[in-house]
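S.K.: Guided by the hints, dock chain A onto chain E, whose structure is given.
Okay, here's what each chain looks like letter by letter:
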Amino acid sequence: MIPITHFLIVSTLMFFIGIYGFLTRRNLITVLMSVELILNSVNINFVVFNRYLYPDQLQGHFFALFIIAIAAAEASVAIALIINIYRRFTSIEVDNVDEMKF
Amino acid sequence: MNYFYTIWILLIPLFVFLMTGLFGARFKPWISGVIGTVGLFISFLLSVYTAWRFFFSGESAGTYPVIIAAKTTWLHLTDKLSIDLGVLLDPISVMMLVVITTVSFMVHLYSIGYMKGERGFERYYSFLSLFTFSMLGLVVSTNIFEMYIFWELVGVSSYLLIGFYYERPSAVAASKKAFIVTRFADLGFLIGILILSYYTGTFDFAEITNPHSPVFTGIASVSFMGASAITWSMLLIFMGGAGKSAMFPLHIWLPDAMEGPTPVSALIHAATMVVAGVYLVARMFPIYAFHAPEALTVISWVGGFTSLFAAVIACTQFDIKRVLAYSTLSQIGYMMLALGVSGYGGEEGLGYMASMFHLFTHAMFKALLFLCAGSVIHAVHSNYIYDMGGLRKYLPVTHLTFLVACLAIAGIPPFAGFFSKDEILVAAWNHNRFLFSIEYLVAGITAFYMFRLYFGIFWNKKPHYHHTPHESPLVMTIPLMLLAAGSAFTGFIPFATLVSSDRVPFETSMHLNIAIPSVLIALAGITVAFILYGKESLASGKISDSLGSAYRIIYNKFYVDELYLFVTRGIIFRFISRPVAWFDRHIVDGTMNGIAWIISVFSERIKGLQSGQLQHYALVFVSGALILIMIVLYNLS
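Each protein sequence line maps, in turn, to chains E and A.
Numbering-wise (numbering that gives the first Met the number 0), the first sequence opens with residue 0 and increments by one.
Numbering-wise (numbering that gives the first Met the number 0), the second sequence opens with residue 0 and increments by one.
Among chain A residues calculated to face chain E with C-beta under 8 Å, some are: (1) Q609; (2) L613; (3) Q614; (4) A617; (5) L618; (6) V621.
Note that these hints are calculated values from the structure, not bench results.
The structure presented is a predicted model; accordingly, all values stated were derived computationally and were not measured.
Just so you know, even glycine gets a beta-carbon here, dropped at the ideal spot from N, CA and C.
Next comes chain E alone, as it looks inside the complex (with noise of 0.2 Å):
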């Protein structure tokens, strides 16, 4: 059996490479993908400390699902927001759009 910690590895890699790309990236559609990556470690670690920790039970299962649902609705939410942001300034450039200060 593989150990826990080799998924814990990716998971961990997964995350901070979303939050790296969610810090670095212009593209607004990158920064979704990123959050996305963030999103799915959390799902990795549901899932493997269920499988590992807790044979038995199903919460983590049920938690990943619901998790994977959600990141769904916020995908489709977000790229109506990308789109109007587009239609707004003609860019997805997350540097155009720094409107909302003082």
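M.R.: For chain A alone, coordinates are given in the frame of chain E:
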């Protein structure tokens, strides 16, 4: 006997005020006038009925009672001290009820004609009712604090009515002046009340005006700057009275108050409000007589001086309303003087009774004089005596009633003023010969300036009138006739059997040795006035020219107004207000502005943090979260 209904004497004008004030603009103007007049007529009937019951069947054991007709606690301060509202009936308050409602009713009736077609007719009537309500409340107050409340209400309604023609800058200035001067005096009144109630522990008139009351035991021993605390408090209370009654040196507002409509002058600035100060002293009289005789001496001198001072000024004025205003000052000076020379009880209290008597008769003839002046002004559209002359043919009713009033105020028997003035002179003779001689002189001057006015208006040469003056309508002349009847006959009321300092009736007799010279001096005054003003002549002008600067000083009212302006503008404004304003503008405002400036500079510096860049925020958020996690982990391990 039940006197509870007397509360309606007050409440009816209050309801009228609310009704005409709130809904008057929705009706035709004359409806407000009719509502006001009818309401006042009911009040008047109730007052007369009360007086009749009180004086003819209320007496018990040779003394008139003090009746608390209604009473309710308004402010419960401590178990011992509370402020009540109520109705107190005793001889002077019942007398005042009759005076106020009579004059007020006459003025209401008269104003229907006088104010006809004026803008703000219903406003005028609502203010009149407010004034009447406050004045009635003032006289029936059961305690000094209630009196103070109504006192201020009276001041407000006076302010409103003086400033009735608010488009006119002079009226606005006059109303402000009246309000500020009387307010300033009321400050003294309030301090006096506080001192008095601090030592006696009560506001109640029934307590503090009882000569045998134990509440004064503590106060006599307390003294401040050479006079006892009670003398100070009574002097301060008199200061409030002097402000309302326009005694020297607080008299400056009254002549200017003539900017108001003439019937208002008749009601407020001649017959009722300005005698509130006299009434106040009379109400507190036992305290003055027993505990603060020094204050009483001050009152007599202030009254005597004011009566002479104002009478001299009245001789030089050309605005007929101003002459009447100064004459009012002079007559109120008489009343104050009479109170000042009075003692307590029986014959000793002659001055007290004389003062109230003069208040009563003065209200009649002075209201009449003002209403006549209003009728004259109505006819010739001018306030100035040199625009008038020869009016007796055009205004027969006004002429005759004015003559009656002049004879009454000059003290010619059998008109009302003669009797009351005679009592005052007797009281002065018994106590202070110097003041007595001043009052003798003033009696002559009074006759002179009143007949100067009379001859100047109704005789003398006829100026060119643009249109023929005509007599006023009946609704204006009826009050004149009624008041003329009052001025002619009220002198025969045996006043000493009704009003006296200890509420025990006593008998007075005519003092021929005093009455005859006083009539002679009045006749002399009339004769001089006839010689100078009876026909067209240059004599008066020559006399005033020959007096030179003395005449100028008197004509300018002894420069008292200028003195006030110098003191306020030259000293108080320059040396106190300006530094205070500078301090406020530079130090107080400067501190506040400095704080605001620092904050704004600081926030200008840090506003760059709010960049609007989503990823900046995310970076801060993530690093914050990481730091938190590290702290938690560090603490766990």
